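Asks: Could you put together the complete structure from these sequences and hints?
Residue strings, one per chain:
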Amino acid sequence: MTLEHIPEMKLGKLDDGIATSYMRQVDDFLKYWIKLDGPSEVIRRVMGDAAANALLEGSVHMCHACALLHKTESIREKLRVSYEDFVAEVMSRYALSNAVEVLAGRGLMHEKA
Amino acid sequence: MKRREFVQASIAGATTAVPNLLMGSEGERVFGTPTSLTGGTAVGADKMLLPLSRSGMPSSGWEYWARVSAAAVDMFSDEMKRAQFSARPKAYLAAIGFDTSRATLDASSFALLVALSEPVVTEAVERRNYTQLLKYLQAAGALSPPSEDVLVAKLTESLRTNVDMIRESLGKIGEDPLYADQVLQFVGATDRAPSTADLAAIGSIAELIRVAPGQLVVGAAVLVVAAVDTVVGVAVAVVVFTMAAVVNAVKVVTLGNSDNPFVRRSRGPFDGSLSRLDPDICDSCDIAQRASAMLGSPGLFSAYERLVVKNEVRAFLRALEQVGLVRYEDGSFETIADAIYTYGIRTISDRGPG
Numbered sequence: 168m169t170l171e172h173i174p175e176m177k178l179g180k181l182d183d184g185i186a187t188s189y190m191r192q193v194d195d196f197l198k199y200w201i202k203l204d205g206p207s208e209v210i211r212r213v214m215g216d217a218a219a220n221a222l223l224e225g226s227v228h229m230c231h232a233c234a235l236l237h238k239t240e241s242i243r244e245k246l247r248v249s250y251e252d253f254v255a256e257v258m259s260r261y262a263l264s265n266a267v268e269v270l271a272g273r274g275l276m277h278e279k280a
Numbered sequence: 011m012k013r014r015e016f017v018q019a020s021i022a023g024a025t026t027a028v029p030n031l032l033m034g035s036e037g038e039r040v041f042g043t044p045t046s047l048t049g050g051t052a053v054g055a056d057k058m059l060l061p062l063s064r065s066g067m068p069s070s071g072w073e074y075w076a077r078v079s080a081a082a083v084d085m086f087s088d089e090m091k092r093a094q095f096s097a098r099p100k101a102y103l104a105a106i107g108f109d110t111s112r113a114t115l116d117a118s119s120f121a122l123l124v125a126l127s128e129p130v131v132t133e134a135v136e137r138r139n140y141t142q143l144l145k146y147l148q149a150a151g152a153l154s155p156p157s158e159d160v161l162v163a164k165l166t167e168s169l170r171t172n173v174d175m176i177r178e179s180l181g182k183i184g185e186d187p188l189y190a191d192q193v194l195q196f197v198g199a200t201d202r203a204p205s206t207a208d209l210a211a212i213g214s215i216a217e218l219i220r221v222a223p224g225q226l227v228v229g230a231a232v233l234v235v236a237a238v239d240t241v242v243g244v245a246v247a248v249v250v251f252t253m254a255a256v257v258n259a260v261k262v263v264t265l266g267n268s269d270n271p272f273v274r275r276s277r278g279p280f281d282g283s284l285s286r287l288d289p290d291i292c293d294s295c296d297i298a299q300r301a302s303a304m305l306g307s308p309g310l311f312s313a314y315e316r317l318v319v320k321n322e323v324r325a326f327l328r329a330l331e332q333v334g335l336v337r338y339e340d341g342s343f344e345t346i347a348d349a350i351y352t353y354g355i356r357t358i359s360d361r362g363p364g
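Quick mapping for you: the protein sequence lines, in order, are chains A and B.
According to this note's numbering, the stretch in the first sequence is residues 168 to 280, in order.
According to this note's numbering, the stretch in the second sequence is residues 11 to 364, in order.
Hints are all accurate, no fakes.
Calculated lysine to any residue pairs in the SDA-like style (CA-CA distance at most 25 Å, straight line):
no.: 1; chain 1: B; residue 1: K320; chain 2: A; residue 2: V227
no.: 2; chain 1: A; residue 1: K198; chain 2: B; residue 2: F41
no.: 3; chain 1: B; residue 1: K57; chain 2: A; residue 2: Y189
no.: 4; chain 1: B; residue 1: K57; chain 2: A; residue 2: D183
no.: 5; chain 1: A; residue 1: K177; chain 2: B; residue 2: T43
no.: 6; chain 1: A; residue 1: K202; chain 2: B; residue 2: C292
no.: 7; chain 1: A; residue 1: K202; chain 2: B; residue 2: D109
no.: 8; chain 1: A; residue 1: K177; chain 2: B; residue 2: A55
no.: 9; chain 1: A; residue 1: K202; chain 2: B; residue 2: A81
no.: 10; chain 1: B; residue 1: K57; chain 2: A; residue 2: G184
no.: 11; chain 1: A; residue 1: K202; chain 2: B; residue 2: S157
no.: 12; chain 1: A; residue 1: K177; chain 2: B; residue 2: P44
no.: 13; chain 1: A; residue 1: K202; chain 2: B; residue 2: V83
no.: 14; chain 1: B; residue 1: K57; chain 2: A; residue 2: L203
no.: 15; chain 1: A; residue 1: K177; chain 2: B; residue 2: S46
no.: 16; chain 1: A; residue 1: K238; chain 2: B; residue 2: L60
no.: 17; chain 1: A; residue 1: K177; chain 2: B; residue 2: G50
no.: 18; chain 1: B; residue 1: K57; chain 2: A; residue 2: R247
no.: 19; chain 1: A; residue 1: K177; chain 2: B; residue 2: L59
no.: 20; chain 1: A; residue 1: K177; chain 2: B; residue 2: T45
no.: 21; chain 1: A; residue 1: K238; chain 2: B; residue 2: M58
no.: 22; chain 1: A; residue 1: K238; chain 2: B; residue 2: L59
no.: 23; chain 1: A; residue 1: K238; chain 2: B; residue 2: G50
no.: 24; chain 1: A; residue 1: K202; chain 2: B; residue 2: A113
no.: 25; chain 1: A; residue 1: K202; chain 2: B; residue 2: G107
no.: 26; chain 1: A; residue 1: K177; chain 2: B; residue 2: G42
no.: 27; chain 1: A; residue 1: K198; chain 2: B; residue 2: R286
no.: 28; chain 1: A; residue 1: K238; chain 2: B; residue 2: S46
no.: 29; chain 1: B; residue 1: K57; chain 2: A; residue 2: D182
no.: 30; chain 1: A; residue 1: K198; chain 2: B; residue 2: Y74
no.: 31; chain 1: A; residue 1: K202; chain 2: B; residue 2: D84
I should point out that these hints are in silico values taken from the structure, not numbers from a laboratory.
The structure displayed is predicted, hence computed values, not measured ones.
Replies: Encoded structure:
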C-alpha cells in the first residue's frame, strides 16, 4: 500500500543514484517521526484525539494509517504548519532510541566486563 | 517467466481483461487505483517533505542528532559518566544537547536507560533473577505489562468484519456449520497422533466451554482463526482454537525440526503474533528485547514473552466471547485461559534446538 499510494515513499529514480536518493531523505523529519511513533500516533499528535479517532476509524493496519496520513489534505496542512513544534522532542526520543539500539547491539554488560 | 515480465503481464491482463471490474471497484477503493496500474508515480508529484533544517536546527539537522545519540552511547561506556547520569538523568541529558520536555522524559527508551544505569539491575542480572529484573523495569516505567483491552477490541473488530466473508469463502452459507472432518482436513499436516495425556487434557478443556446456540465449536474455531489470519497474517492452519489448536501443537512438538515447510512455520497456537495488533505491546516487546540484549540476558525477554503470550490467550478468548461464538461458565475463564496458555508455552519451549 505504501508504494502504490504514497508518492513520498518513492525515494527517486535509479538514474539519480541510490545514494543520492537515500541522502535526500535524511533531512525529512516526517520519516523519523513515522519510524519512531508510527503513523497513527503522528496523526493523533498533530490532529488531536477527537479528530484522530474520526480519521482513523476502521483502520486496522499501520499501512492504512500511513496512507491516511499522507493522503488526507487536512493532516498534510496541519503537519506543514506545525511540525517544527515537535522536532526537538521527537528527534530527542529518536536519538535516545538509537542509543538504546546501539547499546543493545553492543551488549551493555559485556562492554562493562 | 521472469518476475518483471510476470508483473507486467499481470498488470496488462488486469487492465485489459477486467476493466469493468477495476472501474466498478474504484468507488470502493480508499485511495484510488494503485499507481502500478496507472503508469507509476508522476515525476512532478507533490511530495510532502518536512525539512529538519527549517526547524531551527543546524543546516544538516540529522548530523546534530547523530552526535547527540553518540554522546548517550558514550555515557554508558564510561563508568563515571554513567554514575552521573544515574544520579541526575535529566540534567545529564540537557548537558549533552537533548530536549528535556515531558514527552522526552516520558519516553520508554529514556526510562530504560535510567533503569539500566542502576546498580540494582546489574545485581539482578548477575543473580539471573529475571522475575525481579522484570518487576524492577516495570516499576521504573521502562516496561509496561501487556494489557488485554486494546487487543480484545481489535480482535473483536476483526472477527465481526470478517467472519461472514470467511464463511462465504469456505463455501458456507448462513449458519451452515463446518464439521470435524473438514476441520481436520483443514488443519491436518502430519500423520502423528497426539498422546493420550494430551487428549485427556483436551477433553477437560472442552468440558469447560459452552458453545453458543446453533454453532459447533470446531466450526466457529476455524472461522475465527481464518478471520484473524486475514488481519495479522498468522498461518491459518497453525493458529486454531482450543481442541484443534492443542492437537496441532502436539504434532509440531513431535516432529521437531522437520524440513516440512508447514512444520517450520508452525509456532504453536499462541506465540505473540496476535499481539502485533496492539502497538503498545509491540513497543514493550521491543524494549524488553533491547534491554535483554543490552544486559546479555536472554532470560529477561523470555520472561516478558510469557506475559505477552498469556495476555494474548486471554484476549483471544475474550474476543470470541464478545462476538458470541463461545461463552464460558462463571469462574471457568481463568482455568481455560491457563490451560491453553500452558499448552502454548509448552509447544514453544519444547521445540528447542537440534
